[in-house]
Amino acid sequence: MAAPLLSSLCCRHSLRHCSPRRFARNDLSFFRSLSTSISSEKSLVLSHVNEDAGVAILAMNRPPANSLSLELNEAICTSLKEIDTNPKIQSVILASTNPTIFSAGLDVTELISPDDQRLPKFWNSLQQVYIDLYGSRLAIIAAIQGHAPAAGCMLAMACDYRIMYGGGEGSTVDGRKRKSHIPTIGLNETQLGIAAPPWMGQLLVRTIGFRPAERALALGTLFPPMEALIEGLVDDVITEESFSPSADTIHALEKLLPDPIRNQALSLVMQKAFQEAELYAKISPQARVASKLVTRSESLKDMIASREADTEYFCSFICQDTVQKNLKKYVEALKKKSKSK
Amino acid sequence: MAAPLLSSLCCRHSLRHCSPRRFARNDLSFFRSLSTSISSEKSLVLSHVNEDAGVAILAMNRPPANSLSLELNEAICTSLKEIDTNPKIQSVILASTNPTIFSAGLDVTELISPDDQRLPKFWNSLQQVYIDLYGSRLAIIAAIQGHAPAAGCMLAMACDYRIMYGGGEGSTVDGRKRKSHIPTIGLNETQLGIAAPPWMGQLLVRTIGFRPAERALALGTLFPPMEALIEGLVDDVITEESFSPSADTIHALEKLLPDPIRNQALSLVMQKAFQEAELYAKISPQARVASKLVTRSESLKDMIASREADTEYFCSFICQDTVQKNLKKYVEALKKKSKSK
Amino acid sequence: MAAPLLSSLCCRHSLRHCSPRRFARNDLSFFRSLSTSISSEKSLVLSHVNEDAGVAILAMNRPPANSLSLELNEAICTSLKEIDTNPKIQSVILASTNPTIFSAGLDVTELISPDDQRLPKFWNSLQQVYIDLYGSRLAIIAAIQGHAPAAGCMLAMACDYRIMYGGGEGSTVDGRKRKSHIPTIGLNETQLGIAAPPWMGQLLVRTIGFRPAERALALGTLFPPMEALIEGLVDDVITEESFSPSADTIHALEKLLPDPIRNQALSLVMQKAFQEAELYAKISPQARVASKLVTRSESLKDMIASREADTEYFCSFICQDTVQKNLKKYVEALKKKSKSK
Chain A
1 MAAPLLSSLC CRHSLRHCSP RRFARNDLSF FRSLSTSISS EKSLVLSHVN
51 EDAGVAILAM NRPPANSLSL ELNEAICTSL KEIDTNPKIQ SVILASTNPT
101 IFSAGLDVTE LISPDDQRLP KFWNSLQQVY IDLYGSRLAI IAAIQGHAPA
151 AGCMLAMACD YRIMYGGGEG STVDGRKRKS HIPTIGLNET QLGIAAPPWM
201 GQLLVRTIGF RPAERALALG TLFPPMEALI EGLVDDVITE ESFSPSADTI
251 HALEKLLPDP IRNQALSLVM QKAFQEAELY AKISPQARVA SKLVTRSESL
301 KDMIASREAD TEYFCSFICQ DTVQKNLKKY VEALKKKSKS K
Chain B
1 MAAPLLSSLC CRHSLRHCSP RRFARNDLSF FRSLSTSISS EKSLVLSHVN
51 EDAGVAILAM NRPPANSLSL ELNEAICTSL KEIDTNPKIQ SVILASTNPT
101 IFSAGLDVTE LISPDDQRLP KFWNSLQQVY IDLYGSRLAI IAAIQGHAPA
151 AGCMLAMACD YRIMYGGGEG STVDGRKRKS HIPTIGLNET QLGIAAPPWM
201 GQLLVRTIGF RPAERALALG TLFPPMEALI EGLVDDVITE ESFSPSADTI
251 HALEKLLPDP IRNQALSLVM QKAFQEAELY AKISPQARVA SKLVTRSESL
301 KDMIASREAD TEYFCSFICQ DTVQKNLKKY VEALKKKSKS K
Chain C
1 MAAPLLSSLC CRHSLRHCSP RRFARNDLSF FRSLSTSISS EKSLVLSHVN
51 EDAGVAILAM NRPPANSLSL ELNEAICTSL KEIDTNPKIQ SVILASTNPT
101 IFSAGLDVTE LISPDDQRLP KFWNSLQQVY IDLYGSRLAI IAAIQGHAPA
151 AGCMLAMACD YRIMYGGGEG STVDGRKRKS HIPTIGLNET QLGIAAPPWM
201 GQLLVRTIGF RPAERALALG TLFPPMEALI EGLVDDVITE ESFSPSADTI
251 HALEKLLPDP IRNQALSLVM QKAFQEAELY AKISPQARVA SKLVTRSESL
301 KDMIASREAD TEYFCSFICQ DTVQKNLKKY VEALKKKSKS K
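Chains as they are written, first to last, in the working numbering: chain A, 1 to 341; chain B, 1 to 341; chain C, 1 to 341.
Note that these hints are calculated values from the structure, not bench results.
Here the structure is a predicted model, which is why all the values come from computation and not from measurement.
Zero decoy hints are in this set.
Below, computed lysine-lysine pairings styled on BS3-like, alpha-carbon distance capped at 27 Å: (1) A:Lys335 x C:Lys282; (2) A:Lys88 x B:Lys325; (3) A:Lys325 x C:Lys88; (4) C:Lys329 x B:Lys88; (5) C:Lys282 x A:Lys328; (6) A:Lys328 x C:Lys88.
Please work from the sequences and hints to get the whole structure.
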């Protein structure tokens with residue numbers, strides 16, 4: 001008699017990881033309705049709004065890895081605030097213009113031999129990103145096309161729903177076959193010799209539960225997509241194998257969208273994110289926001305109350321000799337790794 | 001090497017959804033020991049006690065949908081208090097006399113163009129139902145034979161264990177084949193344009209975990225039985241396919257029990273609920289109650305402390321124009337839906 | 001399309017329950033590096049350190065069942081403190097010299113007709129064991145070769161990672177086939193007519209989640225290994241079927257280790273525990289300890305703050321007539337059971 005439940009268990013999960021409508025949106029109506037905001041291609045963040053759907057896209061655009069500098073943090077907050085002022089928008093898709101990296105986390109150059117004045121300012125800007133995302137009146141959907149380690153994982157967890165690319169056969173974008181990659185996600189701070197701050201650690205606890213979070217925090221675990229799905233660190237995993245837009249679709253899109261976001265807009269992860277964003281946008285905003293406060297207001301209040309202490313602790317932790325040594329070792333290892341490629 | 005765990009996983013779950021002893025109780029000893037309380041058929045709540053087993057049944061009986069009015073709320077509390085005073089009783093089965101609806105949640109007529117005096121009184125009575133169920137010395141087993149949306153889901157979550165009917169082939173009761181139905185359960189408040197109060201939302205968080213609760217609260221998700229089992233919103237799902245009491249059993253029962261509760265008493269959900277109730281009744285009451293306080297006293301204290309603020313917030317939220325419009329729209333939609341049937 | 005996830009689900013779990021490297025350590029380098037501490041065979045606790053690996057073993061050694069007396073509690077704390085002062089050690093394996101019992105929990109003789117002076121002292125020593133384990137700078141791995149009921153389960157939950165023996169074919173140790181046994185784990189206090197104290201109940205909530213914890217606390221559930229794995233009460237289950245060290249290995253080991261710990265050192269549970277301990281030992285200690293504080297400092301502070309009240313409540317609860325009767329009944333039942341064997 002095990003079969004019924006088992007198949008229901010499988011169905012439910014398989015629904016989750018291969019459910020998107022197969023680009024019924026080939027007609028491009030969604031993209032046609034996208035209006036490009038004032039952000040230019042060189043902006044740290046690109047944003048587009050689709051007022052008909054009530055959905056906006058906010059794409060991080062700081063090559064090569066969307067590592068979070070003071071400036072990128074501020075750009076995210078500014079862009080989110082802009083979207084927030086538009087009463088027609090209910091949902092935001094948080095994405096990256098980089099097809100293989102969502103965000104690499106903190107910009108390590110902010111941490112090594114840091115400037116006394118800039119370091120607390122930098123940390124404050126990261127806190128602000130969390131506060132603005134986690135407490136937003138908007139429903140925020142993370143479209144995690146690429147890697148999301150450390151603070152990159154925090155960005156995703158601060159959203160309302162997480163969709164991750166699951167690797168697979170490699171996708172065809174712009175008519176060219178894109179090399180397959182398997183992204184990972186997790187708070188891997190201890191691998192760098194540092195620790196996630198309490199509010200970030202507790203965000204992981206809320207997301208995946210106490211026991212798995214404790215272990216993942218201690219070991220700095222990075223989860224591949226399917227493990228992330230099983231642990232609940234992401235809510236959906238998309239394997240893009242079956243997606244190949246027609247030449248017409250691509251041609252039409254070239255006129256509609258600037259390049260950095262176009263590739264992403266065509267990915268199935270983004271398609272699914274859009275469906276999800278529409279789902280949230282249809283709920284009465286008043287009721288949805290009240291529901292969000294039920295689960296988030298308490299922890300946000302605590303975090304804001306301990307904000308200064310958190311900054312002080314972080315700055316003094318980072319400035320320790322051992323920590324500085326660990327960070328430099330980590331950066332050297334990264335450099336060697338990228339040279340050997 | 002995946003097989004052992006997998007089969008153990010399946011076994012455990014299959015145990016859960018097809019475990020009840022196959023009506024070994026055909027001898028009706030359980031029902032013979034049921035004494036009908038003073039409640040009449042027309043009471044909003046029917047209660048029966050079986051002192052030998054230490055188990056009572058408390059069945060909501062407000063047609064057509066057990067929607068929670070001020071009066072039903074008060075009747076639940078009164079009946080529970082009555083049972084509580086009987087030291088021989090350790091467990092209660094919370095059930096419904098309606099074979100397809102556990103409880104439809106708040107009586108919406110209490111919310112539309114509400115009376116200034118009655119609205120806070122009504123909300124207080126709902127809070128009291130929660131407090132009395134959640135903090136009861138009795139182990140309470142929810143026998144969820146039918147739908148349990150919104151506050152109906154809250155009733156179930158305030159119990160100690162939840163058993164749900166899983167649909168299936170349809171059951172034979174009173175010799176007649178009962179049409180199959182698949183009940184759903186969940187806090188679907190946002191679908192009505194309102195939000196579950198904090199204490200109800202936090203009850204969902206405790207029951208199914210933070211991340212699934214957040215999403216279910218935002219979207220107002222109603223779960224079918226198997227999904228509810230997988231998420232942990234219910235603890236057991238019973239498919240009644242194999243249950244068909246003999247003519248003798250039915251005949252005997254007709255003499256033993258008044259009609260509204262008889263049908264339910266014969267359901268496998270109720271049978272399983274009775275087994276579960278017996279299990280709890282066998283534990284040392286002192287130890288069991290002390291255990292219950294460990295996990296519940298804190299949140300109950302918080303809820304009681306913020307009770308007045310909760311009432312004020314609820315009343316002012318409900319009285320907003322947009323909310324009133326949403327509620328009226330919802331009732332209109334319901335009316336159309338029932339006419340078209 | 002269910003297959004990929006399903007197989008990934010199975011793989012992950014099967015990885016967990018049959019993952020240990022197949023005793024690549026047959027060379028005994030690990031055991032050669034073990035230095036026996038001052039503890040003698042007759043000590044209540046045996047400890048060994050391997051400074052090269054950064055790992056220590058702390059094995060409870062109070063026959064017949066490692067039941068926690070005032071003296072065993074104090075010995076655990078003393079031994080842990082000793083290990084703690086060695087800066088080369090980052091991880092500890094908490095084990096038992098008894099191959100079928102991890103720890104039977106509280107020594108019931110401490111509870112029956114207790115001495116007024118000793119009872120609070122005893123309870124304080126148990127609190128101290130929890131505080132020292134749960135808040136330790138060391139990563140502690142529980143090697144649960146045998147039963148772990150009640151406070152034995154608490155010991156395991158206070159560690160950072162739990163590996164349990166899963167029964168199976170029976171293992172070959174010292175060249176002799178060891179009889180198979182299937183250990184169980186859980187807070188079964190209510191089965192004895194007592195209740196786990198709040199801090200222990202809340203530890204279970206953090207470990208397996210609110211809803212499963214509530215039920216397990218109420219019914220006093222003891223979980224067999226696979227159920228414990230599925231619920232998250234342990235993190236890994238090892239079936240020892242394939243382990244049979246060579247005669248040389250055994251011979252070499254006889255010289256290296258005193259008897260009580262030798263058998264355990266050869267078990268696959270211990271092997272896996274050692275691998276896990278090494279994993280934690282490789283993380284930057286500063287970062288690892290900071291991470292541990294993120295999830296544990298709050299609940300530890302609360303527990304310490306309510307320590308006296310907890311002791312008072314426990315002592316008065318235990319001294320109640322009903323509770324004393326329940327305990328005596330339980331001990332009688334145990335005696336009968338062991339006679340009938």
